[in-house]
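**Student:** So the sequences go chain by chain: H and W.
First residue of the first sequence? That's 1 in UniProt numbering, and the numbers climb one at a time after it.
First residue of the second sequence? That's 1 in UniProt numbering, and the numbers climb one at a time after it.
Source of the hints: derived by calculation from the structure; they are not laboratory data.
This one's a predicted model, so the numbers in the text were calculated from it and none came from an experiment.
Ideal Cβ placement from N, Cα and C applies to all residues, glycine included.
Worth double-checking, as some hints may not be accurate.
[Claimed, not checked] Once the Cα atoms are required to be at most 30 Å apart in a straight line, the calculated DSBU-like pairs of lysine-lysine come out as:
#1 K87(H) x K61(H)
#2 K278(H) x K87(H)
#3 K224(W) x K278(H)
#4 K278(H) x K61(H)
#5 K119(H) x K4(W)
#6 K138(W) x K278(H)
#7 K14(W) x K119(H)
#8 K61(H) x K4(W)
#9 K117(H) x K4(W)
#10 K224(W) x K117(H)
#11 K61(H) x K224(W)
#12 K10(W) x K119(H)
#13 K4(W) x K14(W)
#14 K119(H) x K165(H)
#15 K278(H) x K117(H)
#16 K224(W) x K138(W)
#17 K117(H) x K14(W)
[Stated by the list, open to error] For each label pair, taking beta carbons as the anchor points, the in silico distance ranges come out as:
#18 A24(W) x P166(H): 21 to 29 Å
#19 L65(H) x L168(W): 45 to 53 Å
#20 D71(W) x P228(H): 21 to 29 Å
#21 V203(H) x R172(W): 50 to 58 Å
#22 P101(H) x L265(W): 25 to 33 Å
[Claimed, not checked] Cβ-to-Cβ under 8 Å is the rule here; a few derived chain H residues that face chain W:
#23 V100
#24 F124
#25 F249
#26 M254
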Amino acid sequence: MSMPTPTQPVPQSQVPPRPRTRLGLRRFPWVPYLFLLPGVAFFVIFDYIPAFNALYLSFTKYHVLSPPEWVGLENYHDMLNDPSFWKALKNSFAYMVIMVPMLVVIPLFLAILVNQKLKGIHLFRVAYYLPVVTSMVTVSITWNYLYHESGLLNYLLITLGILSKPISWLLDVNTAIFAVALVESWKSMGFYMIIYLAGLQSVPQDLIEAARVDGANRLRIIWHVIIPMLRPFVALCVVMAGMGSMQVFTSVFMLTQGGPLDSTTNLTYLIYDLAFQKLNMGYASAVGMVLWVILLVLSILNFRLSHGGERMQ
Amino acid sequence: MTHKRWSRLKRMAKTAGMYVVLTAIACLFVGPFILLISTAFKSDSQPVFSFPPQWIPDPPVWDNFHQAWNDIPFPRYMFNSFFLVGVMVPLHLFLASITAYPLARMRFFGRNFIFYGIIATMFIPPEVMLIPRFLLVKTLNMTDSYWGIIIPGLLGGFAVFLMRQAYLAIPRELEEAAIIDGCDPFRMWWSIMLPLTAPTTAALGVFSFISVWNSFIWPLIVLKSPELYPLSLGLAYLAGTFGFDVKSLAAGAVISVTPIIIFFLLMQRYFIYGMQGAVKK
Chain H
1 MSMPTPTQPV PQSQVPPRPR TRLGLRRFPW VPYLFLLPGV AFFVIFDYIP
51 AFNALYLSFT KYHVLSPPEW VGLENYHDML NDPSFWKALK NSFAYMVIMV
101 PMLVVIPLFL AILVNQKLKG IHLFRVAYYL PVVTSMVTVS ITWNYLYHES
151 GLLNYLLITL GILSKPISWL LDVNTAIFAV ALVESWKSMG FYMIIYLAGL
201 QSVPQDLIEA ARVDGANRLR IIWHVIIPML RPFVALCVVM AGMGSMQVFT
251 SVFMLTQGGP LDSTTNLTYL IYDLAFQKLN MGYASAVGMV LWVILLVLSI
301 LNFRLSHGGE RMQ
Chain W
1 MTHKRWSRLK RMAKTAGMYV VLTAIACLFV GPFILLISTA FKSDSQPVFS
51 FPPQWIPDPP VWDNFHQAWN DIPFPRYMFN SFFLVGVMVP LHLFLASITA
101 YPLARMRFFG RNFIFYGIIA TMFIPPEVML IPRFLLVKTL NMTDSYWGII
151 IPGLLGGFAV FLMRQAYLAI PRELEEAAII DGCDPFRMWW SIMLPLTAPT
201 TAALGVFSFI SVWNSFIWPL IVLKSPELYP LSLGLAYLAG TFGFDVKSLA
251 AGAVISVTPI IIFFLLMQRY FIYGMQGAVK K
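Construct all of the structure, not just a fragment, from the sequences and the given hints.
**Tutor:** Here it is in structure tokens:
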């Protein structure tokens, strides 16, 4: 066989110059570490150490005034027999069940609607996105007026004949969680709309043209061409909306304080209440671990769906 | 009537219909804010709630704004919010940039380990971090101070991820040319790479601005003194103050939301850019 032997030395002059792409790091081997030092120190001090501390605290009784006392699994055991924990867990999933469909379906249609070539379409995008940038505090104050017994919502529903008498949306055990979930969803629909808009703009235009030439009408194009192409974006929105619905807090704090009768308290609010109102930090940390596990499952899904594997290298 | 003219009429009707639908939906998103503004301008004699609702205050008055501005430390809240944004956003961008740069453009021992270590922090939910971070800030004696808010919020995994994507997209030839010209690593970053990532940096800055301006739960936990409250917290405090006039509360809400809406309208193309960048990359 006449394969060239790789051991044969190549004359020095013919060696192509080593690609000097790495900043001539041989002269400055310490440079990357110098750049990284502040950031890495930050992540260690403010993320890693607290994360392990949270895990540790979940195995302790800790009421701030005296040092944490190791109790093993007692907090987790207490949790199993704590109706307010179960109630909060149930409500967390209730938020998810209410909010995910709203945040996945409605924004998709908003995105299709604002993806047309019309004069001033830009203004509509801005209008739909407006609630996303305003603070939840302002949004909650505004919706408090809408939900008032003599507020706009009751007025509209009575005028349209849907209701016969006004409802105190936020004070009624049956409606409060829906009222809070609606505010949360309303505020973030624009965010999901933009994700879909990014998706829509990546749908190849000739595919739509081809369908049109074949005689498909607008609805059929949406249903059979656009939505299948958007599948990864739908999946991404499902998971992000799932995570977002688990983390509802400010609206609960502002609108209902978890009430009436804990009907709007979710795990996030329970953690806040236990840790910073009742100063029961050990138990609150254990509840935090449960929330962490739930969110971990969702965020692993999210990571796979959005900037997964191939982008990591 | 020619066929051509007929189809043109049909198209115009369709377009008009589209605008009607778009406007109706816009009312659902903007309407609540208009109600808020309307409430803020109503005088004492006008009811906040009435059947049918009164959309246009008659006559509109400024009294509620005066009251919200003067009766509680509103200017102070405003200053606090601007101060936090002014300190946190630039530091956030700086730290995210210098951390992401070597992870994208240099080869060194432990690079992947550090990168995955940073990405992993994105899997720790903020709610879980509330307690241990609060205890840490307490240990560092920074509760009830600006520092307790500023320092723990300076960097996040997502920011590093986003900036690294921007650095990865820069063509290698630029770097090579600079090295041949004898550029050292710091000048390379500052004069060449940093300007090239400007669009992403701007988008990140916009997100950072919004999130600092609207931050709520962390200041709520860290701060005790009302004079240190940022606007969002000051407004919540107002809303919780028993007996505070609802019209002044509406005026306060309008004051607090105005700067962020102006900022948004000025920078909106970066919102769209940043969001799409985050999704597509």
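**Student:** Does each hint hold? Answer for all of them.
**Tutor:** So, going through the hints one by one against the coordinates:
1. Distance restraint check for K87(H) and K61(H): the Cα-Cα separation of roughly 22 Å lies within the 30 Å cut-off, and the hinted pair is therefore satisfied.
2. Restraint check for K278(H) and K87(H): the C-alpha separation of about 18 Å stays at or below 30 Å, so the hint holds.
3. Taken as a hint, the K224(W) and K278(H) pair is honoured in the structure, with Cα atoms around 16 Å apart against an allowance of 30 Å.
4. About 13 Å separates the Cα atoms of K278(H) and K61(H), which keeps this hinted pair within 30 Å; it holds.
5. Between K119(H) and K4(W) the alpha-carbon distance is near 23 Å, which keeps this suggested pair within the 30 Å criterion.
6. This hinted pair checks out: K138(W) and K278(H) have alpha carbons roughly 17 Å apart, not beyond 30 Å.
7. About 14 Å separates the Cα atoms of K14(W) and K119(H), which keeps this hinted pair within 30 Å; it holds.
8. Restraint check for K61(H) and K4(W): not satisfied, since their Cα atoms lie roughly 80 Å apart, outside the 30 Å limit.
9. Between K117(H) and K4(W) the CA atoms are separated by roughly 22 Å; this keeps the pair inside 30 Å, and the hint holds.
10. Between K224(W) and K117(H), the direct Cα distance comes to roughly 51 Å. Violation of the 30 Å bound is thereby established for this hinted pair.
11. Under the criterion of a C-alpha separation no larger than 30 Å, the hint pairing K61(H) with K224(W) is consistent with the structure, at around 25 Å.
12. The straight-line distance between the Cα atoms of K10(W) and K119(H) is roughly 18 Å, inside the 30 Å bound, and the hint therefore holds.
13. In summary, the hint linking K4(W) to K14(W) is supported, as the alpha carbons are separated by about 15 Å, within the 30 Å threshold.
14. About 42 Å separates the Cα atoms of K119(H) and K165(H), which puts this hinted pair outside 30 Å; it is violated.
15. Proximity of K278(H) to K117(H) is assessed by CA-CA distance (about 55 Å); at most 30 Å being required, the pair is judged violated.
16. Between K224(W) and K138(W) the alpha-carbon distance is near 13 Å, which keeps this suggested pair within the 30 Å criterion.
17. In summary, the hint linking K117(H) to K14(W) is supported, as the alpha carbons are separated by about 13 Å, within the 30 Å threshold.
18. Restraint check, A24(W) to P166(H): a C-beta distance of roughly 24 Å satisfies the suggested window 21 to 29 Å.
19. The beta-carbon spacing between L65(H) and L168(W), approximately 50 Å, falls within the hinted interval of 45 to 53 Å.
20. A hinted range of 21 to 29 Å for the beta carbons of D71(W) and P228(H) is inconsistent with their spacing of about 57 Å.
21. The hinted window of 50 to 58 Å between V203(H) and R172(W) is violated, with their beta carbons roughly 31 Å apart.
22. Checked against the hint of 25 to 33 Å, the C-beta distance between P101(H) and L265(W) comes to roughly 31 Å, which is consistent with it.
23. This hint is violated: V100(H) has a C-beta 17 Å from the nearest C-beta of chain W, more than the 8 Å allowed.
24. Nearest Cβ of chain W to the Cβ of F124(H): about 5 Å, under the 8 Å cut. The hint holds.
25. The beta carbon of F249(H) is positioned within 8 Å of a beta carbon in chain W (closest approach about 6 Å), and the interface hint is therefore held.
26. For M254(H), the shortest C-beta to C-beta distance to chain W is roughly 6 Å, which falls under 8 Å, so the interface hint holds.
In this structure, the earlier hints numbered 8, 10, 14, 15, 20, 21 and 23 are contradicted, and the remaining ones agree with it.
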